[in-house]
Amino acid sequence: MINRVYFLLIFALTLSVSACGPDEPDDDPCQSDFDQSSLFSHIVDHSIIPGYQSLSSNLTDLGLIKDQFFLLPTQNNLEQFRAKFTEVYLIWQSVAQFEFGPAKEVFLRNSINNFPLNENDLINNIESGNYDLSLPDKYDKGLPALDYLFFGIANSDQGIINKLSSDPDFEKHQLYINAIIDDMQMRITHTLDGWKGSYKETFVSNTGTAAGTALSLLINAFDENYELIKREKIGVPSGVLTLDIPNPDRVEAIHSQLSTLLLKAGAGASVDLFNGVGFDGSAGPGFGDLLDAVNATKDDTLLSDLVSNQFEVMLAELNKISESLDQEIDNNKDQVTKIYAEFTRPLVNIKTDMPSVLCVSITYIDNPSDSD
Amino acid sequence: MKDYIDKYILQQTSIAPLIVFRILFGLVMCIGAIRFVINGWIQELYVIPKFHFKFYGFEWVNLPSELGMYILFGLIILSSFLVALGLLYRISIIIFFLSFSYVELIDATNYLNHYYLAYLLAFLLIFLPANGSFALDNMFNIQKKISRIPSWCINILILQLTVVYTFAGIAKLNSDWMLNAMPLSIWLPEHQNFPVFGELFKYKLTAKLFSWGGAFYDLTIAYFLMWGRTRNIAYFAVIGFHLATGALFNIGLFPVIMITSTLIFFPSTFHESLLRKLGWKNIEGDYSFGSFARKSLSILFAAYIVVQLILPLRHLAYPGDLLWTEEGYRFSWRVMLVEKIGYCTFFIEDSNSNRKQEVVNGSYLTKFQEKNMAIQPDFILQFAHFLKKEFEHKHGFVNSKITVDAHVAMNGKISQRFINPDTNLAEQTDGFLPKKWILPRNN
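Sequence lines, in order, name chains D and X. Under my numbering, the residue at position 107 of the first sequence is numbered 107, and the numbers go up by one with no gaps. Under my numbering, the residue at position 42 of the second sequence is numbered 42, and the numbers go up by one with no gaps.
Everything labelled a hint here was simulated from the structure, so no lab data went into it. All values reported here derive from a predicted model rather than from experimental measurement. One or more of the hints may lead you astray.
Calculated pairs, EDC-like style, for lysine to aspartate or glutamate (alpha carbon to alpha carbon, straight line, at most 20 Å) [what the hints assert, rightly or not]:
1) X:356 - X:392
2) X:367 - D:280
3) X:367 - D:232
4) D:338 - X:349
5) X:145 - X:286
6) X:367 - X:427
7) X:356 - X:422
8) X:202 - D:227
9) X:2 - X:44
10) X:356 - D:35
11) X:367 - D:137
Bound conformation, chain X alone:
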């Protein structure tokens, strides 16, 4: 045990992998944010929608003005670039973390697993001495130049990526994915015009091989990357896998994030030679955390690791089919796991006058939000509560009753009723308890 702690936590190791990680992470985040702005997504996803869905517990996060949104993105772009440069690193990474997470919290319909990953990596980087070398901070004497850091600073990032892959793999071990090759049987045939391979995507066999290959890849890749004898081949697999999924599916920056960040699995010699080509000179010096920092960081990271291991498994505490109810779905590395089409119509009734109205969702939501809401019970509930407030405020409704006619079709199957149509959603509250008004999946 003591050897283990020495080797993976305390032993001093080269800072080079962390430096490469910092530079690439900063650049990818910077490019990602610029791409977001150029695509006009600030407008489409934040400015145009009149109503924004929240994560449970973060209802207080307000949408800033349009100018505020652009300032937030300006901060993200600037701070991530400074992170890459290693200038004012601590302040920059904290600003990046805060502004990035604020944007993510404004509207939960925009949740993506790789945004969550970026958020976690930024959080970890706050505590790591990633400006210890090859950083402008060294030039301006903000941070003394060092060459060695405790090995946990590297291993925590390796652990994080291993958690991502492993849980993504475990999530695929369900009968829809493994036995029915769903949803790839729906998605792959859409790419019949893909150069060279398009013809293959017609066949169910291809979807099955891809499903099994994907599960195998996710479950094992981190370990093949750890092991020296397989590392090079495994990294080619990383590049191939992520480029292929990037070409087939609309997954934005995810492939780039994974391809760049998995370099952390390579030994320090690899990173050192990479940096030397860029003019880096190794200067002796160890980084050591003060005793207070050591104590508080070990508690913090122990807790962090426990949370990372528990969050993806929390669905076990809920009854029913996770893919259907989506209770415990987010923050669990469930990536491209299910194809769903939902349709829901809300009815609101005033208890005083018995006036009743069917709601046109499009009056309050964008089509993108509506599509996302229709398959996620907590969003359905949030919207119901919004409607209650809206109608009581604008139309003088009192004690309104809100019901929903909601149907979801999943993985190429016929649709099923999703929410109990008799439940008065106005009386339901969100929380961590199972939502009894979600109807179970039948087949």
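With the rest of the complex left out, here is chain D:
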């Protein structure tokens, strides 16, 4: 009997040694010499920090212009506010994909851009002066609220000016506007301070593939944001997700008619992050380079090329529309459907192929249980 045990042990050892043999790098999808920290540094220094910095200073400007407008409620000051609002909304699209770390702590995305707005909640808030802006699942605040208050609360510009400066209750409106701008500013400041403080170092040095590592956070946030764009900005308004019944009233920024611009900005930001283009325009490593480092191919094409090419096609289709999305849905629905289809195509690559070949944990799918 004892001999049999030794035999088994020796047998197992021999087999395992022969199985180790010479290293076959092709066979091992997880390992690469890619310097993860250089990727993280590039993203932090050229996208995340400049992005939040720009968002923060433009939002500060927006606050100042708002004060100016409250003092001097003229058409010109209204125009100025709207122009700055547009700028802020566009910048937001670039940083929405970094919802982790300090941003997640303050529910930044939910606070800045929960849309479509719940107008009833908003009106109740203004009337009663009794509200809590820290609830992430409320649709009564952030940029969509400003969109309504400065573009849609009355039918004419003069009507809007009156609502915010002379009609009964105008003070209540001003108080609420102050509150929501302050709330956004507070959260963005928290996020920016976090990144400028110790979080940057923590993040850049947090290499590896486990749940909670920088790569896992980045890819998960990237995927989730891309899916949200697909669903909320295109899917629901176009009717693809709602029995083929279009909901043009559910587009982003319905009153300021910025939806198409914002969609293009959001899609472009995803593509840039993948290709390594920073918020400040500088070139550097991106997810594509990471995929190349592990020799990821699909159907004999480099996975990075496959995704980049699909992104190009998607952006080209997107550039065929120029009116706001609700109008395009009314008049040019086939093109919107086409955009949706092209937008969807790379999803399987970024949601399954990318994490699989990089061996990254999918953490945005919470695991509330044990596994085995």
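Given chain D, put chain X in place with the hints provided.
Just chain X, lined up with the frame of chain D:
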């Protein structure tokens, strides 16, 4: 043959191993259920989800109200504790078995092999005189105190654990596990910050050694535990192996269940001295089953053993790669065997109006359920049928057609289409026949 039956089945043997087993099993189950409640998993896994996946044949199992769920868990906690105490043992173990299995049947996405093991052990314990000694039942004269039981009462538990380990080992003998060291090559490098050993987990060699070591351990440990000369070393291996996997992977109670229950392999002298330290006194008395019980139990357990041996092998009746199709995957001791990421999008079309919609899975499923569904064909089918009902009921769809765009990436590879995108899932039925609409694995 007759000697064999005498030795392993009929011969009277000390009850002590069964007593220790009962106490530890009751305590571990009790702690496990309390942990489940404290972690808020009743909410996350049962109350919050709007839709629940079922095991084939158990579609009738309904989700009780939230209060009902807490009552069920209250029953599990109370009955397992009573089992440990040996108070009202028969009733308690039956209540435990029923309430525990009911919870398991409510949502199949929560299936874990060690829940299945707990369920089987509870089932076996129903028939064993585990309150024959060191039990409150003896004090209250519910069960006469005895010291000896037929040896099959111990051996059936040993057999059960041997089945678990052996089939877990056989399941590892596939090329992904043995030749590519998958999925450990993905999982181990995630632990580079592990104290002391973290650095080692970077290397493919470590994953290979762990894969081979794991297979060897599973295939042989039960037999080393049976054999007196290797038992002590083997039990150290049990402790080391399960503590290590417990520290590395999110496997909850599994290590504790295995470490405690494998004590059953030790001889009665070991258990007796253990119990004596707790104040146990041996009182002479044999337990014997009545002739009816003997007859019915031998039929029952013969059938049980056959089922236990066949279930893990049923995948042989299905075509294709088991790890990919998962046909015959559950109830087969396939533990931590594969890493998969799935993504599936459903489309539903009304045959009357030709209205077509892409479904947002998240409107009906939690992320946890969605993740589990995306890699398991029977869940994909169940959800498709749910969608059919939902849309026909809520939106007046008639004869809806349901298709799915499903992709799965397995063991660090690029993804592949998983389900035939042209198949109308509304027309497919679940069952034991092979699912022809699962596309084969290519590489």
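Now for the hints, and whether the structure bears them out:
For the given pair, residue 356 of chain X sits about 13 Å from residue 392 of chain X by alpha-carbon distance, which is consistent with the 20 Å threshold. For the hint linking residue 367 of chain X to residue 280 of chain D, the alpha-carbon distance of about 34 Å lies beyond 20 Å, and the restraint is violated. Taking the CA atoms of residue 367 of chain X and residue 232 of chain D, the gap is about 18 Å. The hint holds against a cut of 20 Å. A hinted pair counts as satisfied when its Cα atoms are at most 20 Å apart, and residue 338 of chain D with residue 349 of chain X qualifies at roughly 19 Å.
Proximity of residue 145 of chain X to residue 286 of chain X is assessed by CA-CA distance (about 9 Å); at most 20 Å being required, the pair is judged to hold. Between residue 367 of chain X and residue 427 of chain X, the direct Cα distance comes to roughly 27 Å. Violation of the 20 Å bound is thereby established for this hinted pair. The hinted pair formed by residue 356 of chain X and residue 422 of chain X meets the criterion: a straight-line CA distance of about 15 Å does not exceed 20 Å. For the given pair, residue 202 of chain X sits about 32 Å from residue 227 of chain D by alpha-carbon distance, which is inconsistent with the 20 Å threshold.
Restraint check: the Cα-Cα separation between residue 2 of chain X and residue 44 of chain X comes to about 54 Å, which exceeds 20 Å; the hinted pair is violated. This hinted pair does not check out: residue 356 of chain X and residue 35 of chain D have alpha carbons roughly 46 Å apart, beyond 20 Å. Under the criterion of a C-alpha separation no larger than 20 Å, the hint pairing residue 367 of chain X with residue 137 of chain D is consistent with the structure, at around 17 Å.
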